[in-house]
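Full structure from sequences and hints, please.
Here our numbering is used: the first residue of the sequence shown is 1, the next is one more, and so on.
Treat the hints with caution; some may be incorrect.
[Claimed, not checked] The list that follows gives simulated cross-link-like pairs (lysine-lysine, DSSO-like), each with its CA atoms no further than 27 Å apart: (1) K86 / K72; (2) K98 / K86; (3) K64 / K87; (4) K87 / K69; (5) K69 / K98; (6) K86 / K69; (7) K87 / K72; (8) K28 / K64; (9) K28 / K15; (10) K86 / K64; (11) K87 / K98; (12) K64 / K98.
Simulated from the structure, these hints should not be mistaken for lab results. Since the structure is predicted, the reported quantities are computational estimates derived from the model, not experimental observations.
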Amino acid sequence: MSNENSTNNSETALKCSFCGKSQKEVRKLIAGPTVFICDECVTLCDEIMGEEFETSFDINASQKLPTPKEIKEFLDEYVIEQDLAKKVLAVAVHNHYKRINQPKKSDIELQK
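Quick look at the structure:
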């Protein structure tokens, strides 16, 4: 009878659906509708996704960034007058693209 009890405990032990580690082997086990994932697999997934996003931004960074003058010339084709607004917008767009194409600083931590 005690033998059946031990097999039931091993069958009901919760395990990560990805790496197979038991609940006792990891710090946290997150439950989904029919699966479980451990904190280690979540961290690994986060690293993989981060690498993919960095790669996609690197591709955009290789494209030539238009100068504010080029952006204003483009706006001149579509917007009549409003020279000051076009200049301000052209500089703002140029600075925005410069900022988003810079590599992220990994040492910055945001807290709530």
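* Which of the numbered hints above does this structure break? -> Violated hint (a single one): 8; every other hint is consistent with the structure.
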